[in-house]
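2 protein chains.
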Amino acid sequence: MRQPAPPFCPSLKFIAASLLVLASQLGQAQTAAPAPEVDLATLARIRDAALQSDFAWQRLANLADKIGPRLAGSPGAEAAAAQVGAAMAAAGLAVTQQPVKVPHWERGEERAELVDYAGRPAGITQRLVLTTLGGSAATPAAGLTAPVLLVHGIDELAARAAEVPGKIVLISVPFDQHLADNGLAGAAYGQAGEPRFRGPSVAAKLGAAAVLVRSVGAANYRLPHTGATGFAPGVQPLPAAALSAEDAMLIERLAAEGPVTMKLVLTPRTLPDADGHNVLADLPGREHPDEVVIVSGHLDSWDLGTGAMDDGMGVAAAMGAVQVLKSLGLSPRRTVRMVAWANEENGARGGKAYFESVKGKLPTQVAAIESDFGLGDPLGFFGAISEAELKRLAPVAQVLRSIGAGVMTTRAGEAGTDIEPLQQAGVPGFAPLVDTRHYFDYHHTAADTLDKVDPQALRKQVALLAVLSYALAEMKTPLARVPAGH
Amino acid sequence: MRQPAPPFCPSLKFIAASLLVLASQLGQAQTAAPAPEVDLATLARIRDAALQSDFAWQRLANLADKIGPRLAGSPGAEAAAAQVGAAMAAAGLAVTQQPVKVPHWERGEERAELVDYAGRPAGITQRLVLTTLGGSAATPAAGLTAPVLLVHGIDELAARAAEVPGKIVLISVPFDQHLADNGLAGAAYGQAGEPRFRGPSVAAKLGAAAVLVRSVGAANYRLPHTGATGFAPGVQPLPAAALSAEDAMLIERLAAEGPVTMKLVLTPRTLPDADGHNVLADLPGREHPDEVVIVSGHLDSWDLGTGAMDDGMGVAAAMGAVQVLKSLGLSPRRTVRMVAWANEENGARGGKAYFESVKGKLPTQVAAIESDFGLGDPLGFFGAISEAELKRLAPVAQVLRSIGAGVMTTRAGEAGTDIEPLQQAGVPGFAPLVDTRHYFDYHHTAADTLDKVDPQALRKQVALLAVLSYALAEMKTPLARVPAGH
Chain A
1 MRQPAPPFCP SLKFIAASLL VLASQLGQAQ TAAPAPEVDL ATLARIRDAA
51 LQSDFAWQRL ANLADKIGPR LAGSPGAEAA AAQVGAAMAA AGLAVTQQPV
101 KVPHWERGEE RAELVDYAGR PAGITQRLVL TTLGGSAATP AAGLTAPVLL
151 VHGIDELAAR AAEVPGKIVL ISVPFDQHLA DNGLAGAAYG QAGEPRFRGP
201 SVAAKLGAAA VLVRSVGAAN YRLPHTGATG FAPGVQPLPA AALSAEDAML
251 IERLAAEGPV TMKLVLTPRT LPDADGHNVL ADLPGREHPD EVVIVSGHLD
301 SWDLGTGAMD DGMGVAAAMG AVQVLKSLGL SPRRTVRMVA WANEENGARG
351 GKAYFESVKG KLPTQVAAIE SDFGLGDPLG FFGAISEAEL KRLAPVAQVL
401 RSIGAGVMTT RAGEAGTDIE PLQQAGVPGF APLVDTRHYF DYHHTAADTL
451 DKVDPQALRK QVALLAVLSY ALAEMKTPLA RVPAGH
Chain B
1001 MRQPAPPFCP SLKFIAASLL VLASQLGQAQ TAAPAPEVDL ATLARIRDAA
1051 LQSDFAWQRL ANLADKIGPR LAGSPGAEAA AAQVGAAMAA AGLAVTQQPV
1101 KVPHWERGEE RAELVDYAGR PAGITQRLVL TTLGGSAATP AAGLTAPVLL
1151 VHGIDELAAR AAEVPGKIVL ISVPFDQHLA DNGLAGAAYG QAGEPRFRGP
1201 SVAAKLGAAA VLVRSVGAAN YRLPHTGATG FAPGVQPLPA AALSAEDAML
1251 IERLAAEGPV TMKLVLTPRT LPDADGHNVL ADLPGREHPD EVVIVSGHLD
1301 SWDLGTGAMD DGMGVAAAMG AVQVLKSLGL SPRRTVRMVA WANEENGARG
1351 GKAYFESVKG KLPTQVAAIE SDFGLGDPLG FFGAISEAEL KRLAPVAQVL
1401 RSIGAGVMTT RAGEAGTDIE PLQQAGVPGF APLVDTRHYF DYHHTAADTL
1451 DKVDPQALRK QVALLAVLSY ALAEMKTPLA RVPAGH
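If you read the sequences in order, they're chains A and B. Quick note on my numbering: the first sequence kicks off at 1 and runs consecutively. Quick note on my numbering: the second sequence kicks off at 1001 and runs consecutively.
Please keep in mind that the hints were generated in silico from the structure rather than gathered at the bench.
The calculated label-pair distances, taken between Cβ atoms and stated as ranges, are: (1) B/T1145 - A/D155: 48 to 56 Å; (2) A/K359 - B/E1109: 46 to 54 Å; (3) B/E1252 - A/E252: 36 to 44 Å; (4) A/P75 - B/A1086: 52 to 60 Å; (5) A/T145 - B/G1108: 22 to 30 Å; (6) A/P140 - B/T1270: 32 to 40 Å; (7) B/A1086 - A/A187: 44 to 52 Å; (8) A/P289 - B/H1152: 47 to 55 Å; (9) A/Q236 - B/G1183: 51 to 59 Å; (10) B/E1414 - A/G119: 34 to 42 Å.
No residue lacks a Cβ here, since even glycine has one placed at the ideal position from N, Cα and C.
Okay, chain A solo, but in the shape it has when bound (with noise of 0.2 Å):
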């Protein structure tokens, strides 16, 4: 549905009935909705002038192409900041790099074997392919050499805690990918990713040589899915990788038989803290300047492949959100601020480096968007604000309904890493909600690459993001500030 219909024009049952189903959508089923806060038909130009765009397919392919991996401390991540602000600048934006100290962890080699189990022939052993997760220790440069112990969750760890020390811990939770399916990726990403945020912790503190994890991701083309993990604190951290899924379960099968022993190379390095940016490119507000509402995605990106997806599309789609703005010569009331932050994958220091920065005006933070969940068509959007604040932003659902983008739900909690320090001290966070049935497919893995985006969905997500930072601009009071614990 694009702008309301005149009276009596030949659609006016379709529309009817459209307007029916988002009268309901608010919780108005009787009753018309309130005048809009914002003006329909602007919204609906920034829609349309997004969709003529590839402002933003042009900046991802450079992110992309000509830089690819961008780990914060990379010169890729440097390299990346460079080129956002010089094409944010040279859009007309004001341009702020943001110096934010970053962790700097590098990979280096990553190798293992089964050199031993039940039935394996004299002269056999089985290469496995897996690679470490960010923040591991290393094995000595010659590797360690261990019995596997398998299981398939912290609790079955945790119950098997005397047969721990000096094994290399298998913890091999498979990515359900029905719930994926089923538009519940996070959900599949939680419990599949537990073992990899919280296994090697628990693993180290009872005293394991190593951890595996089987990877977190759904298609299985033996690719392995690195990621961050972390260690308590006062935990030693240890070596700790994962593993494609096809060799998760071919242990799984051969553990059956009887032990077996792997030997194990992982020689990444952890590096002092080194040097990076977030990068802030402002449309300054026509009446209240100081005041912003943030659209972002985040530049870094893991090494393996070249980031296109996570988090390139959500950045430069928030690129694209505010350069059409300019482009259609709009200045709402509140800045709009594009930021791409310099280190979600492994610190979240791009976050937390901005909130020190705004913490003593937090006031003037009205809003705050994250495009984290990348690849596929966007659906709409959610806030994690009230459902009462959440009607004041009908139409934004309402223009974007034309695009299949018109859903508009609230839910509780970080909609995004980067943004939740700031929503934790009460800012509104929102974030797109997209189609993320194959987002685990390729999710930190050597796939992540611009061949998978789509430049229409992306497109659509710079509408969204286009039209959602212009409502929350140009309101005329802000959103009311979010309760601690919402």
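Given the coordinates of chain A, work out where chain B should sit on it, guided by the hints.
Only chain B this time, still in chain A's reference frame:
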């Protein structure tokens, strides 16, 4: 459909319809089929026993999980020959280890990066994912750096001969999955594979420094697909590798903007020929033990995956076929001989050595089946024989129809690489028809692993090979020889 039903049974109408379809397939829509040359009840008994057996699955699991890669000349190849021989002897078959001198090629290091291209920020290079082709020569140990010449086929390569000297040639032809989805995976392989088969030799003659091909395969998970290449007599081999599809697409995009320069390190070695073995396991014939029907797959496999589908599935199905006949106490007129070929992938020496061993007694070689298109459900079989001769195998198709494998068709030419020398000498050749829609997702990659094989599809293939090989061995008179050039 199982056995012919008695008259007046409840499903008479269905059976009559089915028989009509069968008769139509035989080109005899209006007349009844002739009396079968082999007993349908026996064929049905073989089929049903095969569907109950996990012998083949256990053989496949042992090959793929306990040994893994089995490239000719490797320790895995010899361990596999020993393992297969022992399993067939334990099943009561007469086993022969037939010596074969095989090529011995080892992969070594393989890495590449783009070191210059339009718009490259200072200090940035782009890592590529690629894998060396079997038969490739090595670059200098420190690598070679050269401009990339991008072409889209052998014709364009030849047309641009003047530009070739000193370049790293990339021949980029995408795999046509649409053909594969329509039962034409072989044609898709032929089209996309031509650059791999012929490109290196052509590029070498024109003075290239190295040649790359886009990986021949369907699913794009940054997964490089290896395979053999070859060089014409007198042509000096050059370094040759398959790029992941993503990286071929990346170079296409970058090359559209300006020159691209690559650093390439490939350090394969070609060693002296090694000792390998074809494994033969005979179920002796009751009337003509000297006459042989071959049922076979190839034991060697590429070194990246564990060769579960290419061709663990084929060799395990052939093993299972002979074992099921043995387990039923059957002894057809002629000998059924399981052959696990030593060297399909990079030299076809197994088939050639076998041919040398029988070429003085070719009339004893009655028919040959090779299964080397495994993974999916079998749909039937084809024979490189005349329509008239094929009709004699109607009972085979008839008993396989109930498991969805009742299609029977002629197809000229090679039915399998290893049986091709026999076929060229007039021996009727056969192969299963299988669902190959997803075969090239995994073909010659690290992802060719046991989890890709459906145990029930394997059982069905055992049934097919067992029924077909029994029928060929039991027929009163052998099939007619196939004229040259059929």
